[in-house]
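Novice: Could you build all of it, start to finish, from the sequences and the hints given here?
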Amino acid sequence: AQSVTQLDSQVPVFEEAPVELRCNYSSSVSVYLFWYVQYPNQGLQLLLKYLSGSTLVKGINGFEAEFNKSQTSFHLRKPSVHISDTAEYFCAVTSDNAGKSTFGDGTTLTVKP
Amino acid sequence: GAVVSQHPSRVICKSGTSVKIECRSLDFQATTMFWYRQFPKQSLMLMATSNEGSKATYEQGVEKDKFLINHASLTLSTLTVTSAHPEDSSFYICSAAKRAEEDTQYFGPGTRLTVL
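Protein chains in written order, with this note's numbering: chain E, 67 to 179; chain V, 2 to 117.
Think of the hints as simulated: they come from the structure by calculation, not from any bench. Worth double-checking, as some hints may not be accurate.
Under the rule of at most 30 Å between Cα atoms (straight-line distance), these lysine-lysine pairs were calculated in the DSS-like manner [to be verified]: (1) Lys166(E) / Lys67(V); (2) Lys166(E) / Lys42(V); (3) Lys178(E) / Lys42(V); (4) Lys166(E) / Lys56(V); (5) Lys15(V) / Lys124(E).
Rough simulated footprint, nothing fancy, chain E against chain V, three-plus residues with beta-carbon under 8 Å [said to hold, decoys possible]: (6) 45-58; (7) 91-105.
Some chain V residues flagged as far from chain E (calculated, every beta-carbon gap over 10 Å) [stated by the list, open to error]: (8) Val5; (9) Gln7; (10) Cys14; (11) Thr18; (12) Ser19; (13) Asp28; (14) Gly62; (15) Val63; (16) Lys65; (17) Lys67; (18) Leu75; (19) Leu77; (20) Glu88; (21) Gly111; (22) Val116; (23) Leu117.
Just so you know, even glycine gets a beta-carbon here, dropped at the ideal spot from N, CA and C.
Specialist: Put into structure tokens, the structure is as follows:
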């Protein structure tokens, strides 16, 4: 069984400030990790993914995430956010022998001017 | 690219009617498609996994006779909500995985279903 915990349900930040959205997972097998962004009334857009290799993963829109196996974490970061980054962010895990993803409950990022 | 479309984007229907939602991979062949539903301000709940030419695998608690899934080709999967009731109102999202990249899902824009 696999699970994902997004530690913050809401994260308000000011424009141009750095942000970190936290994600912890649990799984009994090797996993792939993903971050998605969802704008209102839209589907999910892939921000970045970790499959293997370098633990620091860079994605679109200036986001990056670091896989930490010992802490079973995959936190998402951006050094300077924009108003347009306001959205819902989902962390997801897929085990390599099941193909199905489990999603966290989401984190609402609100960027204020 | 990896573009997934859904049709319709919004649908309103009367209680007791059936509604079909289409999910298409526009520029790739999808070995697997997934159907999710999402309630307001909540996460995605996987309903079923479908592979082309075979029966869908439903998650526990999802009624397969109510949510009919057909994966007729490598680019099209359909979800039919039969005898819809107001509690079926939700945001339905599909995703598709490419051959040789099965670890990554590409999501459609979603379909907002409202049952009156």
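Novice: Now, for every hint given, state plainly whether the structure supports it.
Specialist: The hints, checked one at a time:
1. Distance hint between Lys166(E) and Lys67(V) is fulfilled; the C-alpha atoms sit about 22 Å from each other, no more than 30 Å.
2. In summary, the hint linking Lys166(E) to Lys42(V) is supported, as the alpha carbons are separated by about 22 Å, within the 30 Å threshold.
3. Proximity of Lys178(E) to Lys42(V) is assessed by CA-CA distance (about 20 Å); at most 30 Å being required, the pair is judged to hold.
4. Pair hint Lys166(E) plus Lys56(V) holds up; C-alpha atoms about 16 Å apart against a cutoff of 30 Å.
5. Proposed proximity of Lys15(V) and Lys124(E) is contradicted: the alpha carbons are some 46 Å apart, above 30 Å.
6. Coverage of the stretch 45-58 of chain V by chain E holds in this model, with 3 residues showing a Cβ closer than 8 Å to a Cβ of that chain against a need of three.
7. Judged by the Cβ-Cβ criterion of 8 Å, the stretch 91-105 of chain V is covered by chain E as claimed, because 7 of its residues qualify and three suffice.
8. The non-interface label for Val5(V) is inconsistent with chain E: the shortest C-beta to C-beta separation is roughly 8 Å, within 10 Å.
9. Interface exclusion of Gln7(V) from chain E breaks down, the closest Cβ pair being 8 Å apart, not more than 10 Å.
10. Residue-level check passed: Cys14(V) sits 18 Å from the nearest beta carbon of chain E, beyond 10 Å.
11. Distance to chain E confirms Thr18(V) as a non-interface residue, since its nearest Cβ pair spans about 23 Å, more than 10 Å.
12. In this structure Ser19(V) is separated from chain E by more than 10 Å, as the shortest Cβ-Cβ distance comes to about 23 Å.
13. Non-interface status of Asp28(V) relative to chain E is upheld: no Cβ of that chain comes within 10 Å, the nearest being about 15 Å off.
14. With a cut of 10 Å on Cβ distances, Gly62(V) stays outside the contact zone with chain E, its closest approach being about 15 Å.
15. Every C-beta of chain E lies more than 10 Å from that of Val63(V), the closest at about 13 Å, which supports listing it as non-interface.
16. Against chain E, the non-interface label of Lys65(V) holds: every CB pair exceeds 10 Å, the least being about 17 Å.
17. In this structure Lys67(V) is separated from chain E by more than 10 Å, as the shortest Cβ-Cβ distance comes to about 21 Å.
18. In this structure Leu75(V) is separated from chain E by more than 10 Å, as the shortest Cβ-Cβ distance comes to about 16 Å.
19. Residue placement check: Leu77(V) keeps its beta carbon more than 10 Å from all beta carbons of chain E (closest about 17 Å).
20. For Glu88(V), the condition that its CB be more than 10 Å from all CB atoms of chain E holds, with the nearest at approximately 20 Å.
21. The beta carbon of Gly111(V) is not kept farther than 10 Å from every beta carbon of chain E, the shortest such distance being approximately 5 Å.
22. Non-interface call for Val116(V) relative to chain E: holds, since the shortest CB-CB distance, roughly 18 Å, exceeds 10 Å.
23. The Cβ of Leu117(V) lies farther than 10 Å from every Cβ of chain E, with a closest approach of about 19 Å, so its non-interface assignment holds.
This entry does not satisfy hints 5, 8, 9 and 21, going by the numbered hints stated previously.
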